[in-house]
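**Q** Sequence:
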Amino acid sequence: MTNQQTTTSATTSTNAAHAAAPRIRVRGLGKHFGSLEVFRNIDFDVGAREVVAIVGPSGCGKTTLLRCIDGLLPHDAGEVLVGDQLVMEPIAGVAMVFQHFGLFPWKTVFENIAYGLHMAGASKAEIERKVPEFLKMVGLDGFEKAFPYQMSGGMQQRCGLARALAVEPNVLLMDEPFAAVDAQTREILQFELLRIWQERPTAMIFVTHSIEEAVLLGHRVIVLKGRPSSIHQIINIDLPEPRTRVTLRLPRFAELREQVWSTLLREAREAEFHLER
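Mapping of the sequence shown onto numbering that gives the first Met the number 0: residues 0 to 276, in sequence order.
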């Protein structure tokens, strides 16, 4: 059973995200590794034009949850549906961006982005047309022939994002994609992602350790708790759209950031209390 925080001043875009039929439905999801239960009874929806951020303590299974939703890992209980399709393995229309870039070091930027299109069955002509479009979208036009080792971490992550976006997914899953870059690059990439999402909105699940990042990017924030993990609270993020750097200075942004932080801190204290007992 989840405790969903509601607000009366949700933005129009957030309301619209909930009005449509969910793009992703997670129902009673559970996962074990042998005798270790990672999470149980995970239950939430994501709208077709909604970003849901997931935060929680280190080791609570956020990445495992995302991989189960993607079909990269089998789940042991419950179900995941993308549209009306039951997810038992990776399916078309779902793309994932990883924390450590996931690029092929022997391929150029162009070839890395083209790889996803090739695997999706795109023709050579379509690849030649689409790759430059997405290179430009993420600010990598002119770097088509570069190899990953020749680029900064931020540029490599832009390449990974372009590869995911090029297949024009219905669902975008992001596993701490900006964790491996410096703070300045991270902020730049956050606002680049917001810009791209405004241009091409889709259902997105964004796993992060950063509370500020979760509040900035998400329409809702799911807070996980405990071991095995479960949903502690779902917090509605009622910030105006589009999100910009001005958003970071809004009093409401500070209030929501504090609310998420307080929820995490309360869970940590409760867990410590139970351990002491």
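Honestly, the hints are just simulated from the structure, not real lab data. We put the CB at the ideal spot given by N, CA and C, even for glycine. Careful: at least some of the hints might be erroneous.
Pair ranges (Cβ atoms, derived) [stated by the list, open to error]: (1) Ala76 - Ala124: 39 to 47 Å; (2) Pro131 - Glu36: 45 to 53 Å; (3) Arg226 - Glu127: 47 to 55 Å.
**Q** Take the hints in turn and mark each one as holding or not.
**A** Quick rundown of the hints versus the structure:
no.: 1; hint: Ala76 - Ala124: 39 to 47 Å; result: holds, 45 Å
no.: 2; hint: Pro131 - Glu36: 45 to 53 Å; result: holds, 47 Å
no.: 3; hint: Arg226 - Glu127: 47 to 55 Å; result: holds, 49 Å
The structure meets every hint from the earlier list without exception.
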